[in-house]
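**Q** Chain by chain, the residues:
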Amino acid sequence: MTALHADQLIDGYLARLRVAAIDLPSSVREELIEDMRAHIGEARGHEPAETDASVLNILDRLGEPTTIVGDARERLGIRPAEPYRPGLLEIAAVILVPFLWPIGVILLWISPAWNWRDKLIGTLVPPGGYIGLSFILAAATTQVSSCGTIRDQAGHLIQSSCTGSPELPGVLLVPLTILVFGSPLISAAYLAIRLRWRPRPPVAATA
Amino acid sequence: MALIRDTPRYAYELIEALGKTGLLTTEGTLYPLLSRLRRDGLVKTEWRESTDGPPRRYYELTAEGRRALTAFKNEWTSFRGAVDGILQEGTKS
Numbered sequence: 001m002t003a004l005h006a007d008q009l010i011d012g013y014l015a016r017l018r019v020a021a022i023d024l025p026s027s028v029r030e031e032l033i034e035d036m037r038a039h040i041g042e043a044r045g046h047e048p049a050e051t052d053a054s055v056l057n058i059l060d061r062l063g064e065p066t067t068i069v070g071d072a073r074e075r076l077g078i079r080p081a082e083p084y085r086p087g088l089l090e091i092a093a094v095i096l097v098p099f100l101w102p103i104g105v106i107l108l109w110i111s112p113a114w115n116w117r118d119k120l121i122g123t124l125v126p127p128g129g130y131i132g133l134s135f136i137l138a139a140a141t142t143q144v145s146s147c148g149t150i151r152d153q154a155g156h157l158i159q160s161s162c163t164g165s166p167e168l169p170g171v172l173l174v175p176l177t178i179l180v181f182g183s184p185l186i187s188a189a190y191l192a193i194r195l196r197w198r199p200r201p202p203v204a205a206t207a
Numbered sequence: 001m002a003l004i005r006d007t008p009r010y011a012y013e014l015i016e017a018l019g020k021t022g023l024l025t026t027e028g029t030l031y032p033l034l035s036r037l038r039r040d041g042l043v044k045t046e047w048r049e050s051t052d053g054p055p056r057r058y059y060e061l062t063a064e065g066r067r068a069l070t071a072f073k074n075e076w077t078s079f080r081g082a083v084d085g086i087l088q089e090g091t092k093s
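First to last, the sequence lines map onto chains V and W. Numbering-wise (this note's numbering), the first sequence opens with residue 1 and increments by one. Numbering-wise (this note's numbering), the second sequence opens with residue 1 and increments by one.
Treat the hints loosely; a few may be bogus.
[Unchecked claim] Dumping the calculated SDA-like pairs for lysine to any residue here, alpha-carbon to alpha-carbon at most 25 Å: (1) W/K44 - V/G41; (2) W/K20 - V/G41; (3) W/K44 - V/L76; (4) V/K119 - V/T142; (5) W/K44 - V/P25.
[Unchecked claim] Now the stretches of chain V that chain W is said to cover, found in silico as 3 or more residues with beta-carbon under 8 Å: (6) 26–34; (7) 174–181.
Since the hints were made in silico from the structure, they are not lab data. Just so it is clear, CB atoms sit at the ideal spot from N, CA and C, and this is done for glycine as well.
Please build the complete structure, drawing on both the sequences and the hints.
**A** Okay, structure coming up:
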């Protein structure tokens, strides 16, 4: 008979093992997890009547995932991953992303200090930094100023029209302008904050 | 290693045997040890079908493993002799 919460307990244990072993080479990690899974299967087969308590005892005897992973590191000569320390590369990236976008973005993507989401935000908010904004602004100005007139054969004005976006009310114009022109700096500030408070990779304690 | 000198065994069997001696408190730590021995070429493994479950990985000593075991036995015998000698001296005095 299978214990009521056996699968949950075992899945939880294997999940904790996977987290503890996150910095082991994948072949070592997968082998370790498969060995543990096989061991638990064998041990369950030896239980005359399985209960939640007997499953917990199997997991207790197996040991804490951090202890097992620590032992694996020691036996296989694997050192725990050192957290990456940001340096000049990251400082240069934060400064150059708003002002010299192509170079800043290259540095941003080279650095391992940011994750994919941070890199995408740094690259696309706004696209091109101040250089990109100036292009967008120039394009918008051209579009607004493109006016056309239709005249008859005698030269009398029949129709005059200008294409482009309707003008924004003054109340919205000021904050929107600040937001647009401030966005490269906001993006750079975000990258700097993420550098300071970025999540550390989980490092299992050695036994 | 001595447990698989003559007969290939699977890990759970080894754990049961070691558990009886009281030498193994954290069963899970045997697996990294077996993995290390395999990577060092001291043991070899073979998957075999099981009558009561999924296939099992059997561990067996290699020729190099046998040499390492013999070397360890000699060292251990000499170490144990030295410690016994000291303990007996302590009892006499």
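**Q** Next, verify each hint and record whether it holds.
**A** Now the hints, each set against the structure:
Restraint check for W/K44 and V/G41: the C-alpha separation of about 23 Å stays at or below 25 Å, so the hint holds. At roughly 20 Å between alpha-carbon atoms, W/K20 and V/G41 fall within 25 Å of each other, so this suggested pair holds. This hinted pair checks out: W/K44 and V/L76 have alpha carbons roughly 17 Å apart, not beyond 25 Å. Only pairs whose Cα atoms come within 25 Å are accepted, and V/K119 paired with V/T142 is rejected, the gap being roughly 31 Å.
Annotation: proposed proximity of W/K44 to V/P25 holds, straight-line Cα distance about 21 Å (limit 25 Å). For the segment 26–34 of chain V, the proposed coverage by chain W is satisfied: 3 residues have a C-beta within less than 8 Å of a C-beta in that chain, meeting the threshold of three. Counting residues of the segment 174–181 of chain V whose beta-carbon sits less than 8 Å from any beta-carbon of chain W gives 0, not enough to reach three: the coverage restraint is violated.
Consistency note: the structure conflicts with the earlier hints numbered 4 and 7.
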